[in-house]
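Asks: Single-letter residue listing:
There are 2 protein chains.
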Amino acid sequence: MNESHDPHLECWVRSAHNASTDFPIQNLPFGIFRRAESDDEPRVGVAIGDQILDVTTWLSEGLFDGAAAEAAARCALPTLNALMALGNEAISALRRGIVAILSTDGIGYENFKRLGDACLTPVSGAQLFAPVKVGDYTDFYASVYHATNVGSMFRPDNPLLPNYKFVPIGYHGRASSIVASGTEIIRPRGQTKVPTSEIPTFGPSRMLDYESELGFFVGRGNTLGAPIPIQRAAEHIFGFCLVNDWSARDIQAWEYQPLGPFLAKSFATSTSPWVVTAEAIEPFRAPAFARDAGDPAPLDYLSAPDDQKNGGIQLFLEVWMQSAIMRDQKVPAVRLSRTNFGSMYWTPAQMLAHHASNGCNLRPGDLLGSGTVSGKDKTERGCLLELTWRGAEPVTLPTGEQRRFLEDGDEVIMRGYCERDGFARIGFGDCRGIVSPAAG
Amino acid sequence: MNESHDPHLECWVRSAHNASTDFPIQNLPFGIFRRAESDDEPRVGVAIGDQILDVTTWLSEGLFDGAAAEAAARCALPTLNALMALGNEAISALRRGIVAILSTDGIGYENFKRLGDACLTPVSGAQLFAPVKVGDYTDFYASVYHATNVGSMFRPDNPLLPNYKFVPIGYHGRASSIVASGTEIIRPRGQTKVPTSEIPTFGPSRMLDYESELGFFVGRGNTLGAPIPIQRAAEHIFGFCLVNDWSARDIQAWEYQPLGPFLAKSFATSTSPWVVTAEAIEPFRAPAFARDAGDPAPLDYLSAPDDQKNGGIQLFLEVWMQSAIMRDQKVPAVRLSRTNFGSMYWTPAQMLAHHASNGCNLRPGDLLGSGTVSGKDKTERGCLLELTWRGAEPVTLPTGEQRRFLEDGDEVIMRGYCERDGFARIGFGDCRGIVSPAAG
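Sequence order for the protein chains is A and B.
For the first sequence, the residue numbers in my numbering are 1 to 440.
For the second sequence, the residue numbers in my numbering are 441 to 880.
Just so you know, the hints here were simulated from the structure itself, not pulled from any lab data.
This structure is a prediction, so every number in the text was calculated from the model and none was measured.
Here a beta-carbon is modelled for each residue, glycine too, at the ideal position from N, C-alpha and C.
One or more of the hints may lead you astray.
[Said to hold, decoys possible] With a straight-line Cα cutoff of 25 angstroms, these simulated DSS-like cross-link-like pairs (lysine-lysine) come out:
#1 K573/B x K133/A
#2 K376/A x K309/A
#3 K818/B x K605/B
#4 K165/A x K633/B
#5 K605/B x K749/B
#6 K309/A x K165/A
#7 K165/A x K330/A
#8 K193/A x K605/B
#9 K376/A x K165/A
[To be verified] Partial chain B-side listing against chain A, Cβ under 10 angstroms, derived:
#10 S500
#11 E501
#12 G591
#13 F606
#14 P667
#15 S706
#16 W760
#17 M766
#18 C800
#19 R803
#20 A879
Kindly generate the complete structure, drawing on both the sequences and the hints.
Replies: This is how it looks when you write it as structure tokens:
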């Protein structure tokens, strides 16, 4: 076990010991911030309790050395990409340096008393940015429950296609429209066709949906033409974030044949502000999906004993919603679903190895999404399409409002955390977005 | 008519007057080059005859002013992106400045005699690079003949889907694996399944193909959430290039349902080294596709009188091939097809307006591909899948070799040009790639 996983590790930032915090000293996720209303350049910060540690300040005070200092030197930039490119050993060294600063018997507290706000910024006084400049965004479809549910709506005769249990199905998404948590989501316009008409019409989507996903970022990349064997996939995964892959179901249904979803998804994708490192996730590793007896074994290039044993993650994702009326009436957000990443048929390592198996080059900061994380039960469905069964079974909010799909003013809040006996709970922070009316 | 379109315009670079050149003074395409075996930083050049004009040298000699100088100042960079972002008026000013330098009665020749190689580099002594750092790559499917041919092979009962004549079908491609012309193309490995087997296998693709496409680059971008009306689409198109969207048909057939092509395409996409500006293309504008009487009219957001009248392009694309044996025996490359961009059901403006219609933000340097350009006749089929009808009708090469799909050692050479009575012919230069054996 890595020192950073020790649940008894103590920290002089008191809020890091709150039972409800996503950011104990065992987490230390990376993000991009600046002090609100300052002229600071956005730069790398690390969440600790309700504070953000400014890596660059601690570096200039001489509190990092060796590999940690080298990594910290990449924290003056407005994205995590250069840090990610160093590879996970460098990240581990930087994390050790940060633990040394923040732990109760560490070297940091005396410096904090001297430096104050210059080295630690309250989250409440900070502006957070999209953490990564994403070169390419790829979205998978790894929940067999999601694939079966959606398939049965779009293709009742043929819900789960014959390739599903062999191929980690994925497609290229749109990188330009990846936005930071909190960015407003403008309802897209597009072509839709109702079954009773021969002719489509163009207008605001009436079936706007969220999709709750786990994202993972590429750290060290590979050269074009050089696949990444599954045994080495973990070396290329920097860390994880929450992803809301907003989807216009009516546009999707009309456009997606034969080349897949396009404008139904490309108007916006939100990510959480914090990227939780692969190292922080380690204590929550779990066996890969338990395939049914009749399921095929993964082909060799997708199969490694370690990945079968530890490639899954004990991780929970929740979706919460607050309508405009709820906000006005100060009715707190309500939870719509809670799912476990254990329901994913493919592991992150399998998705990454598959992606590079044809020689495709993955670059530092490329984002791979898991696809909607849905489980077996109705309470575990990670999008409204499934939760309301394409609108047939609306959700009732505490105000009595009903939802088949998202209305203008609805805020969707995604949360995620890893939890296991004997370890400190770690989380991702919220991934939020409010739907605003279609433009024009 | 713009001065740069005048077919009688003369140039002191003699090779620009060769009948066979792609690069008369009426063309002036932009690319990225450096002198071979030099330590120069790659920078923007303009092709003229068999020479490359180094914009930065002429700028430092004080030969550009005003808007042209401002644009020329962005030519010291290793990609065209910053130049593209200025918008097409700035590009037009820079082109006027270059015409002033290169025309026979212009200011350039005396300077050339003094500066020599510093301002003009022979193409034969230059290294060319991928001209643009592509943020997002989108591939359309705009040839109704290609869509019908491919559809009838993959879905004999349902070749052209009901959405085709309403929606400019497209999908997100992979940006990281876009490579410069001349880059070797490593045969991808992947999952394929033969119909006689229940189980797929993993190995080198046996159905490797090319796709001959026209690409176009976004110049000035749009803000997320702000669609681009079709009436303004032309302002956002910087220029055009050739695209070879290499495709592994056996991987594609097995993976593409339900989310579209993924690893079948993401191993490599080649582009021509030169980007021909929208302004140079203007004399070759042509009416949009002549729809059949029974075809639906485009929806309003895809319809503009100017685009119907001038949105097409009188442009020819050719595919040539030379096998390894042909190369050894010094047998010249043979032409496999010649197609006309007039066979495209959708215009570039319609594709771009559709892409942004949901608010998706397009950024300077984003690449949009037309999809395979195929016409009605067999000689006009822009990929081997169509040309050999999935291998049923092999092509015979001059050596007697047969091709169903590409073999290792085959070189594919794409050429494109615009030609019309009363105007100087302009071309794109070759887009080349040789297939090399699968790795490992």
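Asks: If you test the structure against every hint from before, which numbers come out violated?
Replies: Violated hints: 7, 10, 11, 16 and 17; rest satisfied.
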